[in-house]
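Novice: For reference, each letter of the sequence shown is one residue, going 66 to 473 in my numbering.
It cannot be assumed that every hint is accurate.
[As the list claims (entries may be wrong)] FRET-style restraints, in silico, Cβ to Cβ:
#1 K389 - D356: 22 to 32 angstroms
#2 G180 - V121: 40 to 50 angstroms
#3 R148 - G334: 36 to 46 angstroms
#4 G449 - E379: 18 to 28 angstroms
#5 P274 - G310: 33 to 43 angstroms
#6 S386 - D344: 21 to 31 angstroms
#7 G449 - E192: 54 to 64 angstroms
#8 T303 - D372: 21 to 31 angstroms
#9 R384 - E163: 10 to 20 angstroms
#10 S446 - A301: 39 to 49 angstroms
#11 T144 - G287: 44 to 54 angstroms
#12 A115 - A371: 33 to 43 angstroms
#13 A301 - G162: 34 to 44 angstroms
In short, the hints are calculated from the structure, not lab data. For glycine and all other residues, C-beta sits at the position ideal for the given N, C-alpha and C.
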Amino acid sequence: MGSRLVVIGLTLLLAVLVVGGCSADGLLLAKDQPQMPSVAPRTSRPVAAADPQPIVLPRDDAPHRRLTEWWYYTGHLRTADQRRFGFEFVIFRVERGEFPVTWASHLALTDESGGTFRFSEQSEIGEQVDQDAGTADDQRVGFDLAVEGGDSFQAPDVGGRLGPADQTAARSTMAATAWRMTGGGGRDRLDAVTHGFGLRLDLDAGARPTALHDRDGYIDFGVGGGSYYYSRTRMAATGTVILDGVPAAVEGQAWFDHQWGDFIQVGAGGWDWFAINLDDGTDVTISLVRDAAGAYPLVYGTLVRADGRVEHLEREQFRVSVTKDWTSPATGAVYPAGWQVSLPGEGLEIGLQPTVPAQELDTRATTGVVYWEGSQVVSASRDGRALGGEAYVELTGYGPGLELARSP
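Given these sequences and hints, build the entire structure.
Specialist: Structure below.
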């Protein structure tokens with residue numbers, strides 16, 4: 066699954082967009098309502114499909130006519146003088162019947178060497194964003210996505226929400242600069258800069274096979290629907306990081322997740338997601354999905370060996386223990402902040418600790434959620450021999466959600 070079910074928040078956002086112009090009895094966000102652009106509704110609905118269907122690449126890198134979809138990158142970068150960064154860049158797509166397609170995008174940069182974290186967010190509605198790199202539905206070969214945002218939403222910055230004096234400047238920046246993802250077939254380009262930080266990267270998966278999760282790339286949620294899900298777990302990255310307006314050449318690697326399907330809400334209690342690259346060429350991803358009662362109805366993982374072989378992991382094949390907590394000074398949320406991941410059958414013990422504790426994103430303006438996603442210090446061993454690596458962890462369901470209020 067990969068874990069990216071902020072679609073709950075996106076659904077709330079879509080509801081807000083729809084009722085924003087309603088009467089005084091309508092449901093409103095507990096803040097000033099943004100002025101939304103006029104966008105014509107869709108002329109047709111997604112056609113129901115018999116799932117699962119085989120994933121075909123690069124065709125399925127492109128957008129799909131499904132309820133929910135996202136293209137999600139995390140990664141690790143370094144400069145020539147070994148200054149290190151982590152990054153997250155994602156574009157979400159939500160389609161709900163006759164309503165306009167809704168988009169949101171998050172961008173985050175962790176300065177691991179400097180101990181700081183920055184993030185921002187944008188959103189847009191309308192089919193004008195819905196592009197792929199092909200010329201017809203049966204000739205899709207990739208994606209070309211650009212979320213411009215406009216002046217509808219403010220962008221968070223280092224210390225939390227921007228003050229009133231800064232919001233106008235932030236909106237102006239968002240309106241002028243689109244965040245863009247293009248690519249397909251394992252060769253992608255990312256371009257997203259705002260508020261003096263961002264990245265411009267070229268990514269290449271090389272010959273490493275794409276990992277289809279749960280064996281065939283389809284996760285069955287039962288009555289909740291299902292999700293197609295694959296990853297390119299070790300893409301070579303080269304390009305530029307911008308920090309405080311200053312560009313720096315970087316190289317490193319990125320992890321790409323792509324999910325889509327006819328699902329809206331899965332994991333009502335949240336989830337913990339782990340993406341681990343070990344120095345011996347092994348990649349591991351683990352998803353722990355909670356229900357509203359705190360139980361774990363969906364627990365699974367994927368192991369990619371150094372030679373590219375992909376293996377599904379059942380919950381009995383690994384253990385995840387929390388070793389430390391962290392309390393957000395911004396929201397009061399308490400997050401796990403250290404883990405021990407064990408794969409006994411592989412002789413692997415993997416310790417994870419955040420490179421920077423405060424890697425929390427308050428994205429209630431675009432997706433209705435507060436979550437934590439950040440780079441990790443990896444201390445691992447295989448059969449007792451020390452092993453290094455890099456990792457990202459995502460945590461949802463720990464922070465506050467979207468505040469809604471009835472208008473007077």
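Novice: All hints, please: hold or fail.
Specialist: These are the hints, each one checked on the structure:
no.	hint	in the structure
1	K389 - D356: 22 to 32 angstroms	25 angstroms, holds
2	G180 - V121: 40 to 50 angstroms	44 angstroms, holds
3	R148 - G334: 36 to 46 angstroms	38 angstroms, holds
4	G449 - E379: 18 to 28 angstroms	25 angstroms, holds
5	P274 - G310: 33 to 43 angstroms	39 angstroms, holds
6	S386 - D344: 21 to 31 angstroms	22 angstroms, holds
7	G449 - E192: 54 to 64 angstroms	56 angstroms, holds
8	T303 - D372: 21 to 31 angstroms	24 angstroms, holds
9	R384 - E163: 10 to 20 angstroms	46 angstroms, violated
10	S446 - A301: 39 to 49 angstroms	26 angstroms, violated
11	T144 - G287: 44 to 54 angstroms	47 angstroms, holds
12	A115 - A371: 33 to 43 angstroms	36 angstroms, holds
13	A301 - G162: 34 to 44 angstroms	40 angstroms, holds
Hints 9, 10 from the earlier list are contradicted by this structure; the remaining hints agree with it.
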